[in-house]
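2 protein chains.
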Amino acid sequence: MPSASGAADISSPPIERERSAVSYTYDNIKGWKNMRLLRIGRGVYHDVRRRLPYYCSDIRDAWTYRTVASIIRMYFVNMLPAIAYTLDMNRRTGQFYGINESLFSSALAAMVFSVFAVQPLTIVGITGLISLFNYTIYDIVTIYEPSIYPEFMCWVGIWGAIFHWIVALCNMCDYMRYVTDFSSETFGFYVGTIYISKGVEELISEFTTKGHIAGFMSCMVAILYFLTIYSLEAIGSSTVWRPGFRGFLADYAYVIGTIFWVGFSHIPGPLQSANVTRVPISKAFYPTQPRGWLIQFWELDTKWVFAALPFGFLIMLLFYYDHNVSSLTAQARHFPLRKPAGFHWDFFLLGCTTFIAGITGIPFPNGLVPQAPVHTDSLTVYDTELRIIPTEEGEGSEIRRPVISAVAVVEQRISHFVMGLGIIGTMTGPILVVLHTMPSAVFAGVFFIVGWGSVGSSGIMRKAIHLIQEDRFVQRDEPLLKVRSRKVMLWIACQLIGVAACVAISETIAAIALIPFRVWIIPKWFSRDEISVLDDMTADNKAVLASLGGPPHFPGETHPQESGLERRYSEQKRGVSRQRAGSIHR
Amino acid sequence: MPSASGAADISSPPIERERSAVSYTYDNIKGWKNMRLLRIGRGVYHDVRRRLPYYCSDIRDAWTYRTVASIIRMYFVNMLPAIAYTLDMNRRTGQFYGINESLFSSALAAMVFSVFAVQPLTIVGITGLISLFNYTIYDIVTIYEPSIYPEFMCWVGIWGAIFHWIVALCNMCDYMRYVTDFSSETFGFYVGTIYISKGVEELISEFTTKGHIAGFMSCMVAILYFLTIYSLEAIGSSTVWRPGFRGFLADYAYVIGTIFWVGFSHIPGPLQSANVTRVPISKAFYPTQPRGWLIQFWELDTKWVFAALPFGFLIMLLFYYDHNVSSLTAQARHFPLRKPAGFHWDFFLLGCTTFIAGITGIPFPNGLVPQAPVHTDSLTVYDTELRIIPTEEGEGSEIRRPVISAVAVVEQRISHFVMGLGIIGTMTGPILVVLHTMPSAVFAGVFFIVGWGSVGSSGIMRKAIHLIQEDRFVQRDEPLLKVRSRKVMLWIACQLIGVAACVAISETIAAIALIPFRVWIIPKWFSRDEISVLDDMTADNKAVLASLGGPPHFPGETHPQESGLERRYSEQKRGVSRQRAGSIHR
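In the order they appear, the protein sequences are chains A and B.
Everything in the first sequence is counted per numbering that gives the first Met the number 0, starting at 0 for the first residue and increasing by one.
Everything in the second sequence is counted per numbering that gives the first Met the number 0, starting at 0 for the first residue and increasing by one.
Keep in mind the hints are simulated off the structure, nothing from the lab.
Just so you know, these numbers come straight off a predicted model, no measurement behind them.
There may be inaccurate statements among the hints.
It does not matter which identical chain is used: a pair holds within one copy or between any two.
[To be verified] List of simulated lysine to any residue pairs, SDA-like, C-alpha gap at most 25 Å:
#: 1; residue 1: Lys462; residue 2: Leu248
#: 2; residue 1: Lys462; residue 2: Pro242
#: 3; residue 1: Lys541; residue 2: Leu36
#: 4; residue 1: Lys481; residue 2: Arg241
#: 5; residue 1: Lys541; residue 2: Arg59
#: 6; residue 1: Lys32; residue 2: Pro550
#: 7; residue 1: Lys486; residue 2: Gly246
#: 8; residue 1: Lys32; residue 2: His465
#: 9; residue 1: Lys29; residue 2: Ile491
#: 10; residue 1: Lys462; residue 2: Gly243
#: 11; residue 1: Lys29; residue 2: Ile258
#: 12; residue 1: Lys282; residue 2: His435
#: 13; residue 1: Lys462; residue 2: Ala233
#: 14; residue 1: Lys29; residue 2: Ala499
#: 15; residue 1: Lys209; residue 2: Gln468
#: 16; residue 1: Lys481; residue 2: Ser237
#: 17; residue 1: Lys32; residue 2: Thr141
#: 18; residue 1: Lys541; residue 2: Ser404
#: 19; residue 1: Lys486; residue 2: Ser396
#: 20; residue 1: Lys29; residue 2: Pro551
#: 21; residue 1: Lys29; residue 2: Ser56
#: 22; residue 1: Lys462; residue 2: Arg241
Build out the structure end to end from the sequences listed, making use of the hints.
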């Protein structure tokens, strides 16, 4: 189990933390005060009050090497998919959203959340979700009146912001405590699948827009880029070379891979003449369209203003799940976090960025599912320890096994902030030109690696591998052996149906339905003991649950803190897993 | 250690085997009779006498499923590189050697060696060596008189045959017993490197001959083909699914991969229109050039006949090492072989095939280095056993580890024979047409997979990985720890210099020099104990050494049977390794 004993020192008084951790709860409150919807702003207030004392340490704690490595890694992991989604969105919204809008949105989100958020670990930016959302609305609006698209989107943002604020003030983020691995793994798997298919789409579009030479070359580069990053990250989890050097390779895998393959694509000869798609850029700091940064939202007809209302509600619903789950996974149980979370306040803040994004005509940012946990991972100090298992074969033949433990997380605001500065820097002319050198094949490669990182390391995959494993080689103390294979299969099937539903509806709505499904249906199909092996809370840290009104109560189940046998077993045997290229415990 | 207890029953009397195993030796013989060069035909006689009693069992033992799997695998592993080398040779010898010549040569070799050889496990066919040899001579001959190339090559074959017979009759194959892992690993590594670079060459030639679309598509297909076969073979060595099913996937990896990717290359659209190079074919059963199958060698001028003599000597020298080493590795120590070897007789036979190949104008076949051990591997019955290592952590937490042991080898002639029939079948019209559907990218993929199989599983790689391993995770009973790292590095350096020398001279000559280097120089640089850890005999089976006049005597070293600590350690811990896609023991 991750030990927090070696953690970086936290400068606020522990008593304060203890006290505030229990102050936000409805457990022993009776009468109308127990109805959380009526306790306007209670969650937001407690979130801020709980975290504020740590603000200084959030800056002071940042002065470590981890922060530098994190900034570099996150710059790539956050920006490359954002740009890739923008390429898509740009094509399909009549060039309204361009690269400058995306960078502005990412930078805005990074600035606001790194400075004002309770939980600055949650990376906020542009997702595929918002790309899809934007061009779907574009398709609808252009049926009636193409010219009003900017103003209409602006009102969607304004309504969305209002709904965000209502949800945050009415303490409705509390329901996120019912998110267990069942839902978060399913969602992660779904997003990973979407990322991979998005990578394939990027490659196909090379064939249609740039011809066969560019298409085949892009396929080749994307595959090799994937293999490069995957290998470098795999070396980081191995035991070759010194810990420092292999850590360096893994930390800068994206830098090394990207520089190499971008350079490769420019080698004169067949490679250069393949004329692949490169990132399209426009004048630095200006909107892609000839317009000012402020949308004239007051010029929109009233009927359209109200037509935007349901879309505003929809964006809130999508973000409710997307943002909160990414925040939750960024604070998942295997990270030894010590500073408190703040879901209500952060969701309120998300309303603010949605508002700003709306009136400036940029895509709405929100919490990023694979990126947010990758951020925490990049800030985690991992220690590869030697575990010697004495065997009965006598001296010298004990078994030496590397066990990775998460010693501490460098919890601070600087990495998110500087990454944001980096994105602003990218908006300047010279760096835009550098960006223009990047072939879209590299983006496809990033989608593959981030997507596979999410799919391959998922619990669904782990359980599936357990199922196909030849029985006699399974360790006898493996907790999954306590559950009949048919039940494990049923569990995976439920999750995969959830993934399929998400793909079919192409939106997060289906993912939201996973929470009630888990709370009410699953306990009818699985026994208490089975659930304790198969499921686990996504975040069980007290500092996290404090913001959600304490641990959840599942009807008819054991106390959730007692579940997660499978996880505890795995951690004890092999240490924690890293959020890297699909590193599965085997 | 591999146990031979479960081996297929061998039908000849064990007493006979014992007696004949010791009958060919010079150890206790004095006077002129101790000079092996003067004992004309002694080795050949004993080879035949030793093996003849097993002839019936060589046919009877074949009726197992292993033989079927072996035939299919070897058909691909033998034929695809042969065809690929032919494409090259065809271009560079003025289209004298075409696909029909290559198939004929492979089929001839398979027929002759499967029926008449003492060791039918040694796969004989077309190598890159002979392709290089043929077009080098073509380049030389065309300076003087291009038209005589067929007759000149014919005389090279005739002289080569004569030298083969002399070497075989003078018992000179005996020196092969001095081949240890030092030389055979170096040679294997060299050939693997050449295979991989040959694959790259194939891909580059797509760019120059067929244009960029075909080039990039071929790169993509070759990489994916490699990954497909590699993954399928890796599954075969894992513990997922039932042993039968995962064995099936590994056995038919080439079939599955080849059918899939050949089909893929024909999908209408960008893939089909990429117009990649496919295997060029001509009329079935006829020579590529308008000529008869018999070369009119008697029409060549006498001066040219004698000019061919040194080349004949050269081909003998090349084959001496190439053929005997492939035979040796096909009978390497980790295969539990029970039937006796026969190096002298087989080399005599190689003289005969060289003669026939010479007068019919087809490339000279010889023993194939990566393919011969793959053949034995494909015939080996592996058993994945469960080893339970009790730990001191108490009940249920013992460690379960799969240990692969080689139970038996299905030693017979049928697999080689039927594979030869398959090649003859391939020479018929309809199958030639099927062959014509294969893109050259698939051949590049085969080169990658066979080459990496040879490089990745090499002892050089294993020692290198040991060196970069972080010390504390190395098992304390690892024998390599007994040798200082500097010495291990020196050992690898010697081997890599050997590889570099082979590449530089582009021929096997350098490889031959490895044997005296190992015998006289290495003992001066390494202590007896170090050598016992670092080196090992390539084949230590009594049945093999019997044909070479008994075990070798290295000046100033321990008895070679006592060396190979590293190998014995590894086998004891993890069982034997398979000759598959670079499966390294870690």
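Results for each hint:
no. : hint             : in the structure
1   : Lys462 to Leu248 : between (30 Å within a copy, 22 Å between copies)
2   : Lys462 to Pro242 : between (30 Å within a copy, 20 Å between copies)
3   : Lys541 to Leu36  : within (23 Å within a copy, 86 Å between copies)
4   : Lys481 to Arg241 : between (39 Å within a copy, 21 Å between copies)
5   : Lys541 to Arg59  : within (23 Å within a copy, 72 Å between copies)
6   : Lys32 to Pro550  : within (19 Å within a copy, 92 Å between copies)
7   : Lys486 to Gly246 : neither (39 Å within a copy, 28 Å between copies)
8   : Lys32 to His465  : neither (47 Å within a copy, 66 Å between copies)
9   : Lys29 to Ile491  : neither (40 Å within a copy, 77 Å between copies)
10  : Lys462 to Gly243 : between (32 Å within a copy, 22 Å between copies)
11  : Lys29 to Ile258  : neither (61 Å within a copy, 71 Å between copies)
12  : Lys282 to His435 : within (12 Å within a copy, 53 Å between copies)
13  : Lys462 to Ala233 : both (21 Å within a copy, 20 Å between copies)
14  : Lys29 to Ala499  : neither (42 Å within a copy, 83 Å between copies)
15  : Lys209 to Gln468 : neither (44 Å within a copy, 45 Å between copies)
16  : Lys481 to Ser237 : between (30 Å within a copy, 23 Å between copies)
17  : Lys32 to Thr141  : neither (48 Å within a copy, 101 Å between copies)
18  : Lys541 to Ser404 : within (20 Å within a copy, 51 Å between copies)
19  : Lys486 to Ser396 : between (39 Å within a copy, 24 Å between copies)
20  : Lys29 to Pro551  : within (18 Å within a copy, 92 Å between copies)
21  : Lys29 to Ser56   : neither (37 Å within a copy, 90 Å between copies)
22  : Lys462 to Arg241 : between (32 Å within a copy, 17 Å between copies)
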